[in-house]
Amino acid sequence: MSKSKEELLKALAEAVVEYDEDACKELSQEVLDNPNTLTPMEAVMNGLAAGMEEVGRLYDTHEYFVPEVLMCADALYAGLGILRPHIPKAEAGVNAQVVIGSIQGDVHDIGKNLVKMMFDVAGWGVHDLGRDVPLEQFVEKQLDTNSEVVAMSAMMTTTMLGMKKVIAMIKEKNPECLIMLGGAPVTKDVANLFGADGYADSAGNAVSEGIKMIGRLREFQASKK
Amino acid sequence: MAELTSKERVIKFFKKEPIDTMPVFSGMGTVVIQAVNEMGVKFAQVHTTAELLAGSALKSSEMCGLDAVVVPYDMATVAQAVGCGLTLYENSADILYPTVPNKWETLEAVDIPADFMKRARMPIVDEAFNILIKDGRFAVGAWQLGPFTLAGQIIELGLLLKGAKKNKEAVEAFLTKMTDIVIESIKHYESLGVDFLNIREMGSGTDLLSPKMWNSLIQPHLTRIFSALKTPAVLHICGGTDMIVPLMNQCGADALSFDQKNTLAKTREVVGNDVIVLGNFDPYGTMVQMENPADVETVVKKCIDDGVDAVWPGCDLWPDVKLDNIKAWVKTSKEYGKKRSPVIGRI
Ligand code: B12
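Chains as they are written, first to last, in our numbering: chain D, 1 to 225; chain V, 1001 to 1347.
The following block holds chain D by itself, in its conformation from the complex:
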């Protein structure tokens, strides 16, 4: 007996929450094998991503700690790897690209990697520069890929200052590029002060902030025409 749509979604979400990579793979394959039950896009958004949302809740309530979250992320990627190639481009949501990295001098990348994962799930093209990224590299990668968004992470009050420089460098070359900041010492006020276009306090909010930023830019462009 094959599973119903609800059963399959629930099983996918649970496999993520229980960081069961094998189950994620098997269930994702099951989605592909039963195209009438569920589309790959639905499976990602309402199965895998829904599971990750629950993981976020468990993390906030101290039931999960970072090790569990990282394993859940692995499970999610295991499923995503199978489903993603079968999602038609037109359906893949925003169809936008983001350059992401931890700023020079900062080797903290656990939070950045979670943010990256959320963009991956949401179907963005993600260019991950890693950690300790020299300031110019953000600028170069943005120009090379023509990405709509550059997302920078800083975990130290001190390395945070580098982000201000990158923003100035990028905006000089490409004023329409949108910049999002995050990381423990960064606040909405700091992001504003540095001239960024967006800020999110958690991986969960990063993607919706990115989409909002792009929405604002498009409105602005439309109003100019």
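Treat the hints as calculated values from the structure; they're not laboratory data. Some clues are possibly wrong.
List time: in silico SDA-like cross-link candidates among lysine to any residue, alpha-carbon distance up to 25 Å [said to hold, decoys possible]:
hint: 1; chain 1: V; residue 1: K1165; chain 2: D; residue 2: K89
hint: 2; chain 1: V; residue 1: K1166; chain 2: D; residue 2: A50
hint: 3; chain 1: V; residue 1: K1212; chain 2: D; residue 2: V17
hint: 4; chain 1: D; residue 1: K165; chain 2: V; residue 2: D1094
hint: 5; chain 1: V; residue 1: K1322; chain 2: D; residue 2: T157
hint: 6; chain 1: V; residue 1: K1166; chain 2: D; residue 2: L32
hint: 7; chain 1: D; residue 1: K164; chain 2: V; residue 2: V1288
hint: 8; chain 1: V; residue 1: K1322; chain 2: D; residue 2: V17
hint: 9; chain 1: V; residue 1: K1166; chain 2: D; residue 2: K188
hint: 10; chain 1: V; residue 1: K1166; chain 2: D; residue 2: A11
hint: 11; chain 1: V; residue 1: K1166; chain 2: D; residue 2: Y59
hint: 12; chain 1: V; residue 1: K1166; chain 2: V; residue 2: S1216
hint: 13; chain 1: V; residue 1: K1168; chain 2: D; residue 2: Y59
hint: 14; chain 1: D; residue 1: K188; chain 2: V; residue 2: D1094
hint: 15; chain 1: V; residue 1: K1166; chain 2: D; residue 2: L58
hint: 16; chain 1: V; residue 1: K1165; chain 2: D; residue 2: I110
hint: 17; chain 1: V; residue 1: K1168; chain 2: D; residue 2: D74
hint: 18; chain 1: V; residue 1: K1212; chain 2: D; residue 2: H62
hint: 19; chain 1: D; residue 1: K25; chain 2: V; residue 2: G1158
hint: 20; chain 1: V; residue 1: K1302; chain 2: D; residue 2: A168
hint: 21; chain 1: V; residue 1: K1322; chain 2: D; residue 2: A184
hint: 22; chain 1: V; residue 1: K1212; chain 2: D; residue 2: T61
hint: 23; chain 1: V; residue 1: K1261; chain 2: V; residue 2: M1202
hint: 24; chain 1: D; residue 1: K165; chain 2: V; residue 2: Q1034
hint: 25; chain 1: D; residue 1: K25; chain 2: V; residue 2: K1212
hint: 26; chain 1: D; residue 1: K188; chain 2: V; residue 2: K1261
hint: 27; chain 1: V; residue 1: K1016; chain 2: V; residue 2: K1212
hint: 28; chain 1: V; residue 1: K1212; chain 2: D; residue 2: Y59
hint: 29; chain 1: D; residue 1: K164; chain 2: V; residue 2: K1230
hint: 30; chain 1: D; residue 1: K89; chain 2: D; residue 2: L32
Here chain D is said to cover these stretches of chain V; the calculated rule only asks that three of the stretch's residues, wherever they fall, bring their Cβ under 8 Å from a Cβ of chain D [unchecked claim]:
hint: 31; segment: 1088–1102
hint: 32; segment: 1152–1161
Below, a sample of chain V positions facing chain D; criterion: calculated Cβ distance under 7 Å [as the list claims (entries may be wrong)]:
hint: 33; residue: K1134
hint: 34; residue: A1164
hint: 35; residue: Y1189
hint: 36; residue: L1208
hint: 37; residue: S1210
hint: 38; residue: W1318
hint: 39; residue: L1323
In this text the structure is predicted, and so the values were computed from the model without any measurement. For glycine and all other residues, C-beta sits at the position ideal for the given N, C-alpha and C.
Place chain V with the ligand on chain D using the hints.
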């Protein structure tokens, strides 16, 4: 009342003997940029020779009026010595601490050279200790990362975190290897004649690990380290620690050090008045950002009222301090700390 020298004050402090007033020092870096500037070098250079390392430590403590000197300033010495390289950021206009560029990809790939204590900058650190000890004015502190944090310097921390659940035996064996390194290096500093030690297991707080995991994964190794040491030794963890205070206190350290995230008054209640407690002002938020030294005074008094035996920063001082803020830290500790602290009496 006999005035003690800086060195005497700190040594007696760790012996829990009565002293004249609260010592002002840290078990983490206290180099300030004003000292580095006065020496006419760049921050990136001070990590590279024994003379600059020791010289900047001495000059900083002189300028600030601190009772101790501590080297090195970066966490990359051992990782560099075992072959993971070093990024110094010589061309950056900002102050950046050296970091490790090439971590091993898997636990199995890690290959620790037996003579790591003789490689890269390890001899420079040794020589810096010799200079500091010979100088004799200040208590000399040595530190090493805890095994878990050290492991995170040479392999991807993510591997370790996930492995702790999925691959427990391999991670356990690896942490045992790291613990051997910690013991070898810190025992060596002990043999050079430093006055106190600090084990910084800073990546292990509850921001990352559950108390349960801390208990099984971190505590046994720390206990082994502290039982191997004769010199007074501190256990420092930054980030979230409230939930693991009792566990930290079981490791056998002579003193516990916390950062600003710890609820210190509560912690003092939990550990009682047998163990020295150090902490816990936010180094950046207090010494760099505060505009008014009177605000620093308030912070320092709060630490003392909460029950510390000496007011320590929660982490390395960020070098770009305001010297007036440092002076307020020193002055307030000495004046407001004239009265006895929970563990240490006064002459
Ligand atoms: C783990 C850790 C390390 C590990 C890093 C390993 C790694 N691969 O990442 C190690 C041990 C190597 C390390 C080293 C150091 N660390 Co450290 N570290 C931490 C710790 C304990 C946890 C960080 C973490 O991963 N949290 C878990 C993740 C999931 O949360 P997160 O990072 O906040 O990310 C979330 C949000 O912030 C947000 N987010 C993050 N990035 C972005 C980006 C965007 C675009 C968006 C939208 C959102 C977003 O979304 C994420 C998910 O929800 C913190 C303490 C803390 N409370 O943060 C200190 C901390 C960040 N470290 C600190 C310091 C000072 C250091 C060191 C200098 C050493 C030292 N003296 O202690 C070195 C220097 C390293 C360097 N040069 O970069 C300080 C920074 C102080 C400050 N304000 O400047 C902290 C706060 C500890 C402290 N209290 O002093 N550290």
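Check: Hey, does the K1134 of chain V contact hint survive, CB to chain D under 7 Å?
Finding: Since chain D brings no Cβ nearer than about 33 Å to K1134 of chain V, farther than 7 Å, the hint is violated.
Check: Quick one, are K1322 of chain V and A184 of chain D close enough, alpha carbons at most 25 Å?
Finding: Distance ~23 Å between K1322 of chain V and A184 of chain D Cα, so the pair holds.
Check: If you take the shortest Cβ to Cβ gap from S1210 of chain V to chain D, is it below 7 Å?
Finding: holds, 4 Å
Next item on the list: Please work out if K1212 of chain V and H62 of chain D have their alpha carbons no farther apart than 25 Å.
Entry: OK: K1212 of chain V and H62 of chain D at ~12 Å, within 25 Å.
Note to self: A1164 of chain V was flagged as interface toward chain D. Is the shortest Cβ-Cβ separation under 7 Å?
What the structure shows: holds, 6 Å
Note to self: Given the hinted pair K1212 of chain V and V17 of chain D, is their Cα-Cα distance within 25 Å?
What the structure shows: holds, 19 Å
Check: Can the restraint linking K1166 of chain V and A50 of chain D be considered satisfied, given a maximum Cα separation of 25 Å?
Finding: Distance ~24 Å between K1166 of chain V and A50 of chain D Cα, so the pair holds.
Margin query: Check whether the Cα positions of K164 of chain D and K1230 of chain V lie no farther apart than 25 Å.
Written below: Violated: K164 of chain D and K1230 of chain V sit about 47 Å apart, past 25 Å.
Margin query: Check whether the Cα positions of K1166 of chain V and Y59 of chain D lie no farther apart than 25 Å.
Written below: holds, 19 Å
Checklist line | Satisfaction of hint between S1216 of chain V and K1166 of chain V, Cα-Cα up to 25 Å | finding: holds, 14 Å
Note to self: What's the verdict on K165 of chain D and D1094 of chain V, does the C-alpha distance respect the 25 Å limit or exceed it?
What the structure shows: holds, 11 Å
Check: K188 of chain D and K1261 of chain V: Cα distance at most 25 Å?
Finding: holds, 21 Å
Hint compliance for this structure: hints 1, 6, 8, 9, 20, 25, 27, 29, 33, 35 and 39 are broken, all remaining hints hold.
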